[in-house]
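Chains A and B, in that order, are what the protein sequence lines are. Each residue of the first sequence is one higher than the one before, starting from 1 at the first, in this note's numbering. Each residue of the second sequence is one higher than the one before, starting from 1001 at the first, in this note's numbering.
Keep in mind that the hints are not guaranteed to be accurate.
[Said to hold, decoys possible] Computed footprint of chain A on chain B; a stretch qualifies when at least three of its residues, placed anywhere within it, have a C-beta under 8 Å from a C-beta of chain A:
{"#": "1", "region": "1102-1114"}
{"#": "2", "region": "1132-1139"}
{"#": "3", "region": "1252-1258"}
{"#": "4", "region": "1297-1309"}
[Said to hold, decoys possible] Subject to a maximum C-alpha distance of 27 Å in a straight line, what follows is the list of computed BS3-like cross-link-like pairs (lysine-lysine):
{"#": "5", "chain 1": "A", "residue 1": "Lys94", "chain 2": "B", "residue 2": "Lys1215"}
{"#": "6", "chain 1": "B", "residue 1": "Lys1234", "chain 2": "B", "residue 2": "Lys1250"}
{"#": "7", "chain 1": "A", "residue 1": "Lys6", "chain 2": "B", "residue 2": "Lys1223"}
{"#": "8", "chain 1": "A", "residue 1": "Lys13", "chain 2": "B", "residue 2": "Lys1215"}
Since the hints were made in silico from the structure, they are not lab data. By construction, the Cβ of each residue, glycine as well, lies at the ideal position given by its N, Cα and C atoms.
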Amino acid sequence: MPKFRKEIYGMIKKYMAVVALLVPAVLICLPVFLILTGSVMDSLEMKQYLLPVFGEGEGYIRWKLIPDYPTFEHYGRLLFMTPSFFVLFWNSVKMVLCILAGQLLVGVPAAWAFAAYSVRGSRALFALYVVLMLLPFQVTMLSSYLVLDRLALMNTHAAIILPAVFSTLPIFLTYGGFRAIPPQLFEAARIDGASELRIFLTMGLPLGKSGLLSAMVLGFLEYWNLMEQPLAFLEEKALWPLSLYLPEISWLQAGFALCASFVTLIPAAFVFVLGQDYLEQGIVYSGLKE
Amino acid sequence: MVETRAGKISLHNYRVRNKQAWGNGKKYRRRRRAFLLFLLPSLAGVTLFVLLPFLDVVKRSFQTAVTGEFTGVKNYGVIFQNQAFVLAVKNTARFTVVCIPLLVLAGLLVALTLSNFHNASLIKSVYLFPLAMPTATIVLVWKMVFYRQGFLNLFLTKIGELTGLWGSVTTDYLGTGASFWVLVASYLWKNTGYTVVLWLAGILAIPSEFIEAAKVDGAGRWKCIRYIILPNLKGSFYTIVILSFLNSFKIYREAYLVAGSYPQEDIYLLQHLFNNWFVNLEFDKMAAAVVCVGAVLFVAIMALQRIWDKAE
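Chain B on its own, in the form it takes in the complex (with noise of 0.2 Å):
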C-alpha cells in the first residue's frame, strides 16, 4: 500500500533530518520551542494522569493498603501464593498462547485468499464489521448460540442425525471447560477483521515486479508465497502480533458480560482477578500485581520491537 510505502521513505527522511537539525543552533531551537508548545497539553495530561499516579502504585506496592506501613517485598510475596492470582496469570498465558498463532493465522489465510481479487472490499467489510460491534449487543446472541440446548448444539445434532454419526448433543459450553473455547471462538469472531486488514497492507506493499519476476522463472502460487511474499511480511507479522496481543486483554468484556465476576474457572482472567481486587479495596496486592505486569509486558514489547529492528 502506498501509506506503507510512502511512510518508510518519510522515516527515513526523518532520520536524515534529524541529523540536519541538531548542532544548528538557532534553527534548532526554534524547534525545540514549536515542539514543547505542541506536546505540552499532551504531556502535562499525561504525566499528571499516568506517570505521577504510577510511581504512587510503585510506592503503595511496598507498603499496606490501609496503613501506608512500608513492608519491603511482602506484597510481592503475597500475591505470588495467592491462588487467584496463579490462576488468572495460567488462564491469561493459555488464552494469549492459543489465541495468537490461531488469529494471525486465519487473517494470513483469509488475506492470502484475498489478495487475489480485484475487488474484495466488501468481503473485508464483512470480516471488519464485528469490529464496530458493540459487545453488550453480542451477549445476548452469544448465549443463545452457546447454552445447553442453544444453537450450535442444535446444528451439531441436526448434523449428527444426518450422518447418522452421533446423537443429540447437549454440552454445557459456558459452565464447563468448553467456556474457554467460547472466548477464544468470540475473541476470533472480533479481531479477525483488523488482522486481515493489516495482511494485505502488507502483501499490496510487496512490489508486484518481485512476483511477476518469480512468476516468470516458473514459480508457482505455493513457490510464491513461500519464497516472496512470506519473507516480505515480517514487518507487519510484528505488528499483528503486538496488537492481537493488546486487544486480547479486551475479551475480558466477552467474558464478563457471559459470566459475571466469578465465573467457571478456566476463564478466571487476570482481568478479573484485578476488578475483584478493586472492588474488594485491596490496593497493596493490586499495586505489585499491577508492578509486576507491567514489567511483564513492558519487557515483552522492548523484545519483540527489537526483533522487529533486526527484521528489517
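Chain A with its partners taken away, still in its complex shape (with noise of 0.2 Å):
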C-alpha cells in the first residue's frame, strides 16, 4: 500500500520538523530558566553548585530543576532594601519614556512628511535619513559628544535623550506604516477641502498607527536595553540605567544578581508580550525598500 507508506513518511517527516524547531527553542528559552530558578535559590544552595565556577571547588557547576530551599529572599532584598535599584528603575523609565515621546513627536510628522509627500529633494534626503539610521553608535560618538559638550549636557539624561529623539529609525518604521494607506484617500480628502494638518491628524494617524507602534515597540526593547550611550556619556553612577547596574552586582550575589536581571527582565517581556505582533510587523517594515 504506498499511500498508506507516504502518509507515514509525510508523517514522520513532519514531527521530525518539530522535533528539529524544538531543540533549538529549548536551547533559547534555558537562560531564562536559569534566572527564574536561581532567583527564588537560597544563597548558601547556591554557592555550593556554583563552587567550582570561584575557582575554589573540583568538579563542574550543578544545577538544580527545583531549588532545595526555595527562597523569596532575594526579592525581598531588592525590593525593599536596596534603595539604589529603584533609582535605577526610575532612570531607565524615564529615559525611555522621554525618547519614545520625543520620537512620536519629533519621528512621526517627519515619516509623515516622506510618506504623504513627494518633492523635489525628498528622495535625496530619504536616502540620507537611511544611511544615517544604519551607523552604528561608535561611528556617531565623538560627533554626539562634541555636542553634547558644547551644550554642556554631559552627564546629565538629556545627553542620552535628545540624540535618540532624532534617530532616523523609528521614522523608517513609522513610515512603511503610513506608506501601506492608498493615497488615494488623501486626494479625495484635499478635493473635499482638509488641510493637510488635518489629514495627518484624522486620516494618517489613525490608518498608519501599525507602523508607529511598531516603532514604539522595538524603541522601547532597544533603549531599555541602553549601554553604550551612558557607558559613554554618563559618568555619575547615580545617573545609570537599570542595564548598566546588573554588571555591577558580584560573582558572590548571584542569586541577588539574577533575581535583579529577572526583575529588569519583566517590563521587556511584559512589551514583548503585548507588542509582539507589531514587533513583527516592524521587523517586516524595517526590511521594506523605499
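These two chains come separately, so use the hints to put the complex back together.
Structure below.
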C-alpha cells in the first residue's frame, strides 16, 4: 500500500521537523529558566552549586530544576532594602519614556512628510536618513559628544535622550505604516477641502498607527537595553540606567544578581508579549525598501 | 505578506504621483510647504546633532587633538600603523564574515521549516524572545555556561562519559581564542529570531499559485525551494544582510559585559578601540578612524542598495 506508506513518511517528516525546531527553541529558553530558578534559590545552596566556578571547588557547576530551599529573600532584599535599585529603575523608565515621547513628536511628522509628499529632493533626503539610521553608535559617538559637550549636557539624562529622539530608525519604521495607506484617500480629502494638518491627524495617524506602534515596541526594547550611550556620556553612577547596574553585582551574590536580572526582564517581556504582532510588523517594515 | 505587497504597490503609486506632482505650480508649492513643515523639527535636530558635528569630526581628523593644529593626513597615517587599530579591524571583519552567512542560513532554514506549518506563531515567539532580553540580564548566564567548569563543559563531559569517546573537558572558553566563538554563538542566539521573521515574510509574500503550479508540474519540495522560493527571496536577502550587519555592531554589549574594556585579543573589536580612545580623549585618532569606518560603511550600504535595485 504505497499511499499508506507515503502518509506515514509524511507524518514522520513532520514530527522530525517539529523536533528539529524545538531543540534550538529549548536552548533559547534555557537562560530564562536559569534566571528564574536562580532568583528563588537560597544563597548557601547556590554557593555550593557555583563553587567550581569561583575556582575553589572540584568538578563542574551544578544546578537544580527546583531549588531545595526555595526562598524569596533576594526579592525581599532587592525590592525593600536596595534603594539604589529603584533609583536606577526609574532612571531607565524616565529615559525610555522621554525618548519614545520625543520620537513620537519629532519622528512621526517626519515620517508622514516622507510618506505623503514627494517634492524635489525628498528622495535624496530620505536616502540620507536611511544611511544615518544604519550608522552604528561608535561612528556617531564622537560627533554626539562634541555637541553635547558644547551644550553642556554631558553627564545629564538629556545627553542620552536628545540624540536618541533624533534617531532616524523610528522614522523609517513609521514611514512603512503610513506608506501602506492608499494615497487616493488623501487626494479625496484634499478635494473635499481638508487641510494638510487635518489629513495627518484624522487620516494618517489612525490608519498608519501600526507602523507607529511597531516603532514604539522596537524602541522600548532597544532603549530598555541601553548600554553604549550611558557608558560614554554618563559618569555619575546615580544617573545610570538599570542595564548598567546588573554587571556591577559581584559573583558572590549570584542569586541576588539573577533576581535583579529577572526584575529587569519583566518590563521588556511584558512589552514583548503585548506588542509581539507590532514587533514582527516592525521587523518587516524595517526590511522594506523605500 | 499583505503589507509587503501593499508596500510595493504604494511604491509604484509614489512614483506615479511624483511625475504628476512636479511641475504643477500651485499644488506643488502647497505640498512642498507641508513637506517642509512636517519635516522641520526632525531635520533641525538631525542637522544639529548629527550632520554639523560630523563635519566638525571630519575637520578634527586633520588636526592634532590638543592644540587643533592642522596636520594634513598624519592622523590617518598614525591609525593605519596603530597595532590596536589593525587588530580591531581584523577581528571585526572576521566576526562579520563568519557571523552573517551563519545567521542568514540559520534563519532561512528555520523559516523554510516553519513555512510548512499553518500556525507557527508560538515557535516564532520563542525564537524572537532573545531580542527582548536585555543584554545585562544574560551576561551572568553566559558566564555560568562558558566558564572552565561551566554548563557547556559539564554537558560535553557527560556526553564523553556516555559514549566513551573522550574524558572530562576543561576548555577555557572566555580566556582563549574560543571567546570569539562564544561571541558568535551569542550573536546567533540573539538575532536568529528577526531573520526568521524577515525570511518568513518574504516566503509568505510569494503568491501561492506559483508553488501550486510547480507542484502540478511535478516539482518536489526541493525543486520548489530551489527554483521558486529562493529566486523570489532576493529582496529579503539584501535586507537581512544589511540589518544583520548593523546588529553585528551591537555584539559589543556582550563582549564588554563578559570581558570588559580589554578582552582577550581575538575579540578586541573596533567598538572596544573606539570606546578606549574616547575614554582616553584621543580624539584625533578617533576622528580619523570614524571618517574611515563611516566611509567604508557608506560605500558598503550604497553598493548593497545598487545590487538590490538591480535584483528587483
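Evaluated hints:
1. 1102-1114: holds (count 3)
2. 1132-1139: Coverage by chain A holds for the region 1132-1139 of chain B (8 residues, Cβ < 8 Å).
3. 1252-1258: holds (count 4)
4. 1297-1309: Per the Cβ count (4), the hint holds.
5. A/Lys94 <-> B/Lys1215: violated, 55 Å
6. B/Lys1234 <-> B/Lys1250: holds, 25 Å
7. A/Lys6 <-> B/Lys1223: Between A/Lys6 and B/Lys1223 the Cα gap is close to 19 Å, so the pair holds against 27 Å.
8. A/Lys13 <-> B/Lys1215: The hint holds at about 18 Å.
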